[in-house]
Amino acid sequence: GENVEQHPSTLSVQEGDSAVIKCTYSDSASNYFPWYKQELGKRPQLIIDIRSNVGEKKDQRIAVTLNKTAKHFSLHITETQPEDSAVYFCAAMLTGGGNKLTFGTGTQLKVEL
Amino acid sequence: NAGVMQNPRHLVRRRGQEARLRCSPVKGHSHVYWYRQLPEEGLKFMVYLQKENIIDESGMPKERFSAEFPKEGPSILRIQQVVRGDSAAYFCACSGVSYNEQFFGPGTRLTVL
Chain A
1 GENVEQHPST
11 LSVQEGDSAV
21 IKCTYSDSAS
31 NYFPWYKQEL
41 GKRPQLIIDI
51 RSNVGEKKDQ
61 RIAVTLNKTA
71 KHFSLHITET
81 QPEDSAVYFC
91 AAMLTGGGNK
101 LTFGTGTQLK
111 VEL
Chain B
114 NAGVMQNPRH
124 LVRRRGQEAR
134 LRCSPVKGHS
144 HVYWYRQLPE
154 EGLKFMVYLQ
164 KENIIDESGM
174 PKERFSAEFP
184 KEGPSILRIQ
194 QVVRGDSAAY
204 FCACSGVSYN
214 EQFFGPGTRL
224 TVL
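In the order they appear, the protein sequences are chains A and B. To convert, note that position 99 of the first sequence is 99 in the working numbering; the numbers rise steadily by one, no gaps. To convert, note that position 51 of the second sequence is 164 in the working numbering; the numbers rise steadily by one, no gaps.
Just chain A, same shape as in the assembly (with noise of 0.2 Å):
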């Protein structure tokens, strides 16, 4: 089955910085990459998702890269805010082969004042 690993599991910042997360993944079969941010106690909020035909996806301050070949896909925060401080998770799903995904275990990031 697939399996997703994430680092650094821990990310400190300041402010205004840029924040790095990678992820990489097992499955060459699958196809959709998203990113969920999620703040303590509350529930995974999908911030940014790539499929496999793309190679790179922004969305404001977000942006998220994936490199097929070498099977791995990352996330990228710039100009951070002390509100984008949440734990992160990448996942890797093969659509119509169940639609299940796999989870990393999570990049605590905190953003500095």
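Everything labelled a hint here was simulated from the structure, so no lab data went into it. From the three backbone atoms N, C-alpha and C, an ideal C-beta is built for every residue, glycine too. Incorrect hints may appear among the rest.
Not the full set, but computed from the structure, chain B residues with beta-carbon under 8 Å of chain A [as the list claims (entries may be wrong)]:
#, residue
1, Y146
2, P152
3, Y161
4, Q163
5, I168
6, F178
7, A201
8, N213
9, F216
10, F217
Capping the alpha-carbon separation at 27 Å, the derived lysine-lysine pairs in DSSO-like fashion look like this [stated by the list, open to error]:
#, chain 1, residue 1, chain 2, residue 2
11, A, K42, B, K157
12, A, K68, A, K22
13, B, K164, B, K140
14, A, K68, A, K57
15, A, K58, A, K42
16, A, K71, A, K22
17, A, K110, B, K157
18, A, K42, B, K140
19, B, K175, B, K164
20, A, K68, B, K157
21, A, K42, A, K22
22, A, K22, B, K184
23, B, K157, A, K71
24, A, K58, A, K71
25, A, K71, A, K57
26, A, K57, A, K22
27, A, K57, A, K42
28, B, K140, B, K175
Dock chain B against the given chain A, drawing on the hints supplied.
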């Protein structure tokens, strides 16, 4: 995503009791997924259901756990004879026709005493 409802939000059970967790997906979303999040860990897939059908239950423990999504009413995750190791947050997610994007409910936090 705000339309995905779960209840109860918090559930306390003593060892050996039964826990019933309910999930009402967004209107028009007929695909329901259950995930479990142990403390300080990521989300693990449990089961994928469509109306009246279990599509994939590969993540469900072999015993004590069952799930259903009847023609009428919410999806239910049932845990019989709970043990302390069942203490976790249980999230349901739903998707619509696109069956890619999964939106999560607020979760049920189960505590087994």
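Worksheet item: Looking at the structure, which of the earlier hints fail to hold?
Response: 2, 4, 6, 7, 22 and 28
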